[in-house]
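Student: Keeping the supplied structure of chain A fixed, place chains B and C upon it in accordance with the hints.
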Amino acid sequence: MSNAVEIHELDYRAGKSFAIQDLDLSVSTGSIYGFLGPNGSGKTTTIRLILGLLRARAGTIQVLGEPMPLAAPAVLARVGFVPEQPHLDPTLTVRETMRFRAAFYPKWDGVWAEQLLQTFDLDAERLFGKLSKGQKGKVMMLLALAQRPDLLVLDEPTDGLDPVVRRDMLSALIDYVSQHGASVFISSHLVHELERMCDWIGVMDNGRLVSHMPMEQFKNGIKRLLVSEAPADTGSAPFAVLARDRNGAASETWLVRGWESDMTAWFDGRGASVQSIVDLDLEDGFVELLRTFRRAPHGQEVL
Amino acid sequence: MFDHIDPRSPTPLYAQIAARVRVAVAAGNLRPGDALPSVRQLASRLRVNPATVVQAYRELETDGFVELRQGAGTFVREVRAERRAGERAHQAASLVRRMVAEAGRLGVSVDELHAAIAEEIGARSP
Amino acid sequence: MFRVVLYGQWKWSRIVVILGTLAGFALPILSVQGATSDAANAMKAGELLAVIQSWGVLYPVLAATIGLLVAIATWAPDHRGRHVLALSLPLPRWRYVLLRFAAGLVLLVPTMLGVLAGAVLASATATLPPGLETYPVALAIRFALALAVAYAVFFAISAGTTRTSGIILGIIGAVIVVQVVASAAGIELDLTSPVQAVVMNWPGPLAIFTGRWMLIDV
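Chains as they are written, first to last, in our numbering: chain A, 1 to 303; chain B, 1 to 126; chain C, 1 to 218.
Next comes chain A alone, as it looks inside the complex (with noise of 0.2 Å):
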């Protein structure tokens, strides 16, 4: 088994606007898998799907080697999940809720559990309705890791939660997976910290997978050019013009995709010449790259 996850020629339907169309996906086991769109794109429906909550009309999903929905029930006992809302009851305590979970999760481990209950500094004895919203996240994370999952899925774990408490789970997060060489399939809006942990980047928009690759390939992909006496044509160029704006008289900055360091030449070849050469972050990338998307007619091949 060497995919964590695999998706094959998705197809979902929810009502008559949102669907999910066609989608190829696969996460490689013991690999830190990012995946980003904007709000509506697809992300927790993609994340429900895996979990085997929502049936596919059309397509194959597999976890850990086990078809989906099918084989749910053995499944789900080594895939932690930390959903975007908090779904616990609010009338057990913490402890309680971990006693909860661990009855249902043949490798909880206990030690480990409190352990963690002391590095994420929560009171075991308060009830979990009565939390703040990052202790909830918290124990959230708590519970998904003391199962000692093969794979964990996470949507939006860390969305509204302030800086320390979002290090804290994330710390976490890494220290087990350090240990346990765990597959994680994380979605969020802060790319910043994906940039940091993930080796390979997905980005849904509007239903369909836009990019699919190993995050230094989508970062190391798009680049920013300060070009002075920037030529008119670019149809002859080697890598694929993005956008371009004017910085005044003599110079543009321009938005290229693919580019190799070679690449000046077919300016020098033209009287042009690149002053300067920035690579994007993330953030920028990924906003970039759903602008192209969205510019390019429907089906065709962007990255």
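Derived from the structure by calculation, the hints contain no laboratory data. Using N, Cα and C, we set each Cβ at its ideal position, and we do this for glycine too. This list has only true hints and no planted wrong ones.
Per the computed footprint, the stretches of chain C lying under chain A, defined by three or more beta-carbons under 8 Å from a beta-carbon of chain A, are:
#1 8-22
#2 68-82
#3 88-94
Tutor: Using the frame of chain A, we list chains B and C on its own:
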């Protein structure tokens, strides 16, 4: 030592981590035999992919700065004085390159830069 | 697994279980108030039977109420969490439903025992006019069955999505409210009898609710 790792910088994260170790060794802050934090600890502290730390440590091992001892961890090796000096020279050159490029962007001439350096150094030395 | 599910449901329905047990215990005892040995205050057989019968109406009401409340408490945490927890647990849905159902049943036992204890105590302390007998055990068994049936029906309704079960329970509630208001205002409106006729008289578990509930009878 590992603070301010910047995912937005064009330098890949593993290279940034490796560079910090090299600088620390060159400056004598890390002595031969000192242990580097474990992959697990460092990855967790920096919230980066453990594979990134592994890559950094492997590169340092290839360059001869550290050795990976199975089961025990990663330890700084004895690095010859010339090697350390060479590393410092490399860092200095890199610093100057960045400074000159930035000066160019700001429209500061080379002479103006020289003057500023002389003044700054003059002000600092006893 | 059953223990933790039971514990969680206990936390939600503690108050209902305690009140139900107390009410179940009190009901039979209150109903035999007239059966004293004091010649001056003792009732004649006919009067006593009438009193018993009128108190008897409350047994099915108690069974339906407790059954409803425990069923709602059973599903309440799932509805609040939009079923995400239940569906992401590593066990088949039917097993989860079974766990919840069984836990709710266990929580009904105190109320059943309350009625049994009350009926036995009432039977022991009442002085009966000649010709009448007490049937505490039969009454308690019938109550237990009615409670279980009511619970099962409301459990099934609540097990749907939050919206569906809310709608169904809302309709039932609205019909009852309209009926009560209409009766109070003296308006001739009978919504519940046709429903009752269909539902209760149809040979099935709900028939247990119909008829007279008599602790003391001939």
